[in-house]
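Asks: Residues per chain, in single letters:
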Amino acid sequence: MSFEVADQEFVAIVGPSGCGKSTILNMLGGLVTPSAGAIEVDGGPVTDVPRKVGYVFQKDTVFPWRTVRRNVALGLEYRGVRGTELETRVREGVRLAGLEGFEDAFPATLSGGMRQRVALMRTLVVNPEILLMDEPFGALDTHTKLSLHAELLTLWEARHQTVVFVTHDLSEAITLADRVIVMTRRPGRIKLVHDVPIPRPRDVIKLRETEEYAHEYSVMWHVLGEELGAPGGVQGDMRTGAGSRLVSGHPQSAPGARPSLQ
Amino acid sequence: MSDRGRVLFWRLLILVVLVGAWEWLTGIKAISKTPGLYWIDPFFISRPSVIVKRFAYLASGEVRLSIWAMALSTVQSTLWGFVVGVSTGFAAGLGLGRHDRLARVFEPYIIAFNSLPRIALVPLVTMIFGFGLLAKIVLAWTIVFFIVFFNTFQGARSVDADLIHSARFLGASERQVVRTVIVPSALAWTFAALTPSVSFALIGVVVGEFLGGESGGGLGYLIIQSLGTLNAADMMVALLTLGVIGIVMALGIKQVERRLLRWRPEYRKGP
Ligand SMILES: Nc1ncnc2c1ncn2[C@@H]1O[C@H](COP(=O)(O)OP(=O)(O)O)[C@@H](O)[C@H]1O
Ligand SMILES: [Mg+2]
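In order, the protein sequence lines correspond to chains A and B. Read in order, the letters of the first sequence correspond to residues 1 to 262 in the working numbering. Read in order, the letters of the second sequence correspond to residues 1001 to 1271 in the working numbering.
This is chain A alone, in the form it adopts within the complex (with noise of 0.2 Å):
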């Protein structure tokens, strides 16, 4: 499979449990090297952990014996930024995050939500010029995703990052991303690639009624279902709840599944 992402596009990748999307994401940030084949960021070859990259993945990896405060400073911490600097960005991100008032718990104290939150907020105040992401709200309930679906690309509108977004949930996909890669199933291939000619800034809650959004979704959730392979598995409601999870026989999520990656 071949695929370029621009400068500044937000690009979703969609496709079946244990495809590769993780793999890709993983290549992408330097922790997996490729058997065969390159990668390459900005023309040179991926080789270690790149600095400009920014990762968030689904697992839970705010650091739980550091405060929401010290978790959002920690990539500044990193770089060495200090004193009254490191305060001012630290407090802007936990504001632009909406966690005034939890700059001092810990996060076992938090919902999964607060905890994402934290998660993209950590990542987002170094300012990286490249954003992957690995279904970061796969865990969430739909009205928390919503509300981060909107925060996200409140964010990303005023920033403009390069974004890779790894989902199996087709509206999640429809809703933030300029270009939606469909793959297949294992091996994972590229069986699609489709613009999204949705305007911005979007609303994520009136968009799903629009036309364009229902049009995106039914041809998309058609070729995603010949993947799926199931007799009949796209038929149903197409639109509506039902339809909003792609594969929800095949939980995602499961660790171990993946011993090798994550």
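Be aware that one or more of the hints could be misleading.
[Unchecked claim] Not the full set, but computed from the structure, chain B residues with beta-carbon under 8 Å of chain A:
#	residue
1	Arg-1011
2	Asp-1162
3	His-1165
4	Arg-1168
5	Gly-1171
6	Pro-1184
7	Asn-1231
[Said to hold, decoys possible] Across the chosen pairs, the derived CB separations fall in these ranges:
#	chain 1	residue 1	chain 2	residue 2	range
8	B	Ala-1161	A	Ile-198	57 to 67 Å
9	B	Thr-1195	A	Gly-98	16 to 26 Å
10	A	Ala-105	B	Val-1019	42 to 52 Å
11	A	Ile-198	B	Thr-1195	55 to 65 Å
12	A	Gly-112	B	Arg-1101	33 to 43 Å
13	B	Pro-1108	A	Ala-36	39 to 49 Å
14	B	Pro-1196	A	Glu-85	30 to 40 Å
15	A	Ile-205	B	Phe-1009	55 to 65 Å
16	B	Tyr-1109	A	Gly-112	41 to 51 Å
17	B	Ser-1173	A	His-160	23 to 33 Å
18	A	Glu-211	B	Pro-1265	40 to 50 Å
19	B	Val-1007	A	Lys-206	53 to 63 Å
20	A	Arg-159	B	Tyr-1109	28 to 38 Å
21	A	Asp-104	B	Tyr-1109	37 to 47 Å
[To be verified] Negatives, chain B to chain A, calculated, CB over 12 Å:
#	residue
22	Arg-1004
23	Phe-1009
24	Trp-1039
25	Arg-1101
26	Leu-1134
27	Ser-1166
28	Phe-1169
29	Ala-1172
30	Val-1177
31	Gly-1228
32	Gly-1246
33	Tyr-1267
Simulated from the structure, these hints should not be mistaken for lab results. It should be emphasised that the depicted structure is a prediction, and the values quoted were computed from it without experimental measurement. Idealized CB from N, CA, C, for every residue including glycine.
Given chain A's structure and the hints, the job is docking chain B with the ligands onto it.
Replies: Quick look at chain B with the ligands alone, frame taken from chain A:
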């Protein structure tokens, strides 16, 4: 009554009942006409009233080696053995835990040394380090080191790889990864080893004192001396003092643990 008050009440009650029963049972004769025959013979376990008297005597200035001096010697060697054992055990556990090949090289030696009964080392250690403080510290160290080492080793190995990856993506250098990810996550394991470590440090020290003679001093010396004179009261004084030392040290560790691990849900509520 508050929950804490109730717990305290029961603790005190048990203490009073135990001490009272001890005093009473060692005071009544089994055969009233025959002197020296007791239900429970105070010759072996002494009596609280006698112990208190002996304690007061041993604590006074009249004796050459007061109970305070002996307790101090024991506490000093225990603390030193503990500190040296914990720090070396932690460093070694972290080092080998993060370097697989090194761990494989050292594995047979560590297992061999650790399976050696430490008591068997006492004569050798005494021969090398003499009858003083140093021998006791070394003995405590040989035990504490391994307890802390094995726990930290496990902790360092089980650090979540994704936490390390996140740190790297946030720009951490190798050293920053160690400081901000590996040490804090290993610490939780290390702490689990600290309370038993205090008891084991005490074991090492007291065993050393059994052999150390008067120059080593300490409560172990008092115990061995009391055996020589068949003095159960002095022995009890030494044992009770050791118990108090153990409790105080364990509580101290709990406090430090509570402070350093306050991010864990089980410590969230204040003391
Ligand atoms: N192209 C590939 N070549 C070799 N192994 C692959 C490839 N794609 C995926 N895998 C393996 O399949 C498993 C699942 O891949 P993963 O990237 O976690 O899938 P996803 O994130 O889409 O669920 C992993 O163990 C990975 O090593
Ligand atoms: Mg995955």
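Asks: Now tell me, hint by hint, if it's right for this structure.
Replies: Comparing the hints with the structure gives:
1. Arg-1011: It is violated, given that the least Cβ distance between Arg-1011/B and chain A is near 31 Å, above 8 Å.
2. Asp-1162: Asp-1162/B check passes; min Cβ-Cβ to chain A is 5 Å, inside 8 Å.
3. His-1165: 6 Å, holds
4. Arg-1168: With a closest approach of 5 Å, the Arg-1168/B hint holds.
5. Gly-1171: 4 Å, holds
6. Pro-1184: With a closest approach of 4 Å, the Pro-1184/B hint holds.
7. Asn-1231: 51 Å, violated
8. Ala-1161/B - Ile-198/A: 57 to 67 Å: 37 Å, violated
9. Thr-1195/B - Gly-98/A: 16 to 26 Å: Once the Cβ atoms are compared, 41 Å apart, the range 16 to 26 Å for Gly-98/A and Thr-1195/B is violated.
10. Ala-105/A - Val-1019/B: 42 to 52 Å: Holds, at about 47 Å.
11. Ile-198/A - Thr-1195/B: 55 to 65 Å: Holds, since Ile-198/A and Thr-1195/B (Cβ atoms, about 60 Å apart) stay within the stated range.
12. Gly-112/A - Arg-1101/B: 33 to 43 Å: Given range 33 to 43 Å: holds, Cβ gap about 38 Å.
13. Pro-1108/B - Ala-36/A: 39 to 49 Å: Between Pro-1108/B and Ala-36/A, where Cβ atoms are some 40 Å apart, the hint holds.
14. Pro-1196/B - Glu-85/A: 30 to 40 Å: 45 Å, violated
15. Ile-205/A - Phe-1009/B: 55 to 65 Å: Holds, at about 59 Å.
16. Tyr-1109/B - Gly-112/A: 41 to 51 Å: With a Cβ separation near 45 Å, Tyr-1109/B and Gly-112/A satisfy 41 to 51 Å, so the hint holds.
17. Ser-1173/B - His-160/A: 23 to 33 Å: 29 Å, holds
18. Glu-211/A - Pro-1265/B: 40 to 50 Å: Because 48 Å falls inside the window, the suggested range holds.
19. Val-1007/B - Lys-206/A: 53 to 63 Å: 59 Å, holds
20. Arg-159/A - Tyr-1109/B: 28 to 38 Å: Given about 54 Å between the Cβ atoms, the range is violated.
21. Asp-104/A - Tyr-1109/B: 37 to 47 Å: Roughly 46 Å apart at Cβ, these two residues keep to the hinted range, so it holds.
22. Arg-1004: Consistent with the label, Arg-1004/B stays out of reach of chain A, its closest Cβ about 24 Å off (over 12 Å).
23. Phe-1009: For Phe-1009/B, whose nearest Cβ neighbour in chain A is about 33 Å away, the distance exceeds 12 Å, so it holds.
24. Trp-1039: Given that every Cβ of chain A is farther than 12 Å from that of Trp-1039/B, nearest at about 55 Å, it holds.
25. Arg-1101: Since the minimum Cβ distance to chain A is about 20 Å, Arg-1101/B lies beyond 12 Å and the statement holds.
26. Leu-1134: 37 Å, holds
27. Ser-1166: 4 Å, violated
28. Phe-1169: Incorrect as stated: the minimum Cβ-Cβ distance to chain A is 4 Å, not above 12 Å.
29. Ala-1172: 5 Å, violated
30. Val-1177: Non-interface label on Val-1177/B violated, nearest chain A Cβ at 9 Å vs cutoff 12 Å.
31. Gly-1228: The claim holds: Gly-1228/B sits with its nearest Cβ about 52 Å from chain A, beyond 12 Å.
32. Gly-1246: 29 Å, holds
33. Tyr-1267: Since the minimum Cβ distance to chain A is about 10 Å, Tyr-1267/B lies within 12 Å and the statement is violated.
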